[in-house]
Every structure is written in C-alpha cells, then in structure tokens.
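There are 2 protein chains.
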Amino acid sequence: MSKDTFHAAVKNALIKEGWQITHDPFPIVYGNVNMLIDLGAETLIAAENSQEKIAVEIKSFLPQASAISEFHTALGQYINYRRALSVKEAERNLYLAVPIIAYNTFFQLEFPKLMIEENSVKLIIYNPEEEALVQWKN
Amino acid sequence: MSKDTFHAAVKNALIKEGWQITHDPFPIVYGNVNMLIDLGAETLIAAENSQEKIAVEIKSFLPQASAISEFHTALGQYINYRRALSVKEAERNLYLAVPIIAYNTFFQLEFPKLMIEENSVKLIIYNPEEEALVQWKN
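So the protein lines, in turn, are chains A and B.
So the first sequence is residues 1 to 138, counted in the working numbering.
So the second sequence is residues 1 to 138, counted in the working numbering.
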C-alpha cells in the first residue's frame, strides 16, 4: 500500500461516518509561513459534520520505514499545525491519524505513549484495508 | 554543501571553542525505542567541556529545501530528544544548531520565532563556511 492509499482510506472512512471533506489538502498560513509548501502537507485534510470541525494529519507508519523518524515529524507537524490553527480557527480540533497496526505496536511503547499524553495529541486510529475508523482518542 | 559538510562544520566549530566531542552520533535509548534507528539521528552529537555537557541536533536548512518541512522534523526531534534526555541525563543541555543564513531569514518569521520561544528551544547559530559558532541562544 502506498501513502496515497492510506490518505484515501482515511478520507473514505470519514465519509462513511457522515463527515464531509471540506479541504484536501487543508491549507494553513501563518504570517509569511505557508504550511502548504510543507512537503508533508498533502497529508493534512479538513472535515466537518453538523457538530464539529476537524483537521486530520494522516500518517501511514509503514512497517518497513523507521517509526521513530516518522514520529518525530508527526509530532513536530502536530504541534506546529495545532498552534497555527489555535490562532486561525480555534474551534477546529486537530487529530493525528495512525493505522491500527502502528497503534498496536509502536504506539504502545513507553516513549511514544508518554509523548502523546504529555503533548495532548488527539488520535484517530484507522484500519486502512477496511477504510474504517477504529477509535478516537482525545 | 552537503549535510555532511554542515555536520563537520558544527563539530569543528565546537572543537575550536574548546569542546570535546564525546559521541558522534549520540545514541539515545528510551525503553524499547532506540533513537539511533531514526534516519535523522546521525545529526545528533554530544560534547562537553569542563563546565557543561551538551547534545547538539545539527540542521542544515539548505535554501533549496522546504524550511517549514525541516522545521517540523527539527521541532519534533528536539521535543522527543529533550524528553528522553531529561530522564537519562538531566544535566545535559540540548541545542538545535542552525546555519546563520537560515537564522537570518526563516527563523526571523513570526511563526518559527513563536514556536522556538513557546517550546523553549535552545539554539546554536553557526557559520558553515567559516566553521564557527556565531551565537548561543538559551
């Protein structure tokens, strides 16, 4: 499965649960910094339903890649995007979407668990094969 | 200039100022997470002098690359490394080393300045051509 497949899986899973995808990619601009120029920004989307607006940073955590490397980037993006959103659209919640396989392995290790908790990272756990959302963790 | 050149420039600049390079790369292990597996970890070194122990995350911020992408990863690494160090070696200070050209441009924008300040990121600004340290910012 390619990164594009994971991206499509999360989008389709959100749509199945009644979300409308409003932006793909979702642009965030803060002063002179355009986060769309970010090479990883194609993984950021926005969605809404009647109750809530969200932004979702989609990560694939492919087993053959380095999980800790992807985690560094994911955490940095999350903290930066969240801060920029807090100014632009304080009511929109940011989620980091991770596949169930990565959640059940790497994300159960002591260090990632600690960092997710300490940095108040909200998670969406998804099943890429079934294009389904497994769990939301706030 | 390649990334290796920037890495060597920071090491030589530290040595010129009386620091001893003790680890290159500097391994950080926390539980079952080995941050040396990190693809970017070859840029983390450790040094000490008679007064202080430091770890330095060396970034090149090459002008042709996306500064915001490199900034996401740099911030995530910094926050993760600092947290792991706080448990293993609380007395060692972590610095993010950035070239003077990037410091005078990207790092003067409102957003990076805000994030560096809010996340208490300590900086070393270096001149890669002269292999010299320009400024320490705590």
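Worth double-checking, as some hints may not be accurate.
Pairs count within a copy or across copies, as identical chains cannot be separated in the list.
Once the Cα atoms are required to be at most 30 angstroms apart in a straight line, the calculated DSS-like pairs of lysine-lysine come out as [said to hold, decoys possible]: (1) 113 to 88; (2) 88 to 53; (3) 88 to 11; (4) 3 to 122; (5) 113 to 53; (6) 88 to 122; (7) 122 to 16.
Just so you know, these hints were derived from the structure itself, not from any lab.
Do the hints match the structure? See the list:
When the C-alpha separation of residue 113 and residue 88 is checked against a cutoff of 30 angstroms, the pair qualifies both within a copy, at 29 angstroms, and between copies, at 17 angstroms. In this assembly of identical chains, the alpha carbons of residue 88 and residue 53 lie at most 30 angstroms apart only when taken from the same copy (13 angstroms versus 40 angstroms across copies). For a Cα distance limit of 30 angstroms, the shortest separation of residue 88 from residue 11 inside one copy, 23 angstroms, qualifies, whereas the shortest one across copies, 40 angstroms, does not. Proximity of residue 3 and residue 122 under a CA criterion of 30 angstroms is satisfied intra-copy only: 21 angstroms inside one chain copy versus 34 angstroms between copies.
Taking CA atoms no more than 30 angstroms apart as the test, residue 113 paired with residue 53 passes in both settings, with 26 angstroms inside one copy and 28 angstroms between copies. Taking the closest pair of Cα atoms, residue 88 and residue 122 come within 30 angstroms of each other both inside a single copy (19 angstroms) and across two copies (27 angstroms). Within a single copy, residue 122 and residue 16 get their C-alpha atoms as close as 20 angstroms, which meets the 30 angstroms cut-off; across copies the closest is 45 angstroms, which misses it.
Checked against the numbered hints given earlier, this structure breaks none of them.
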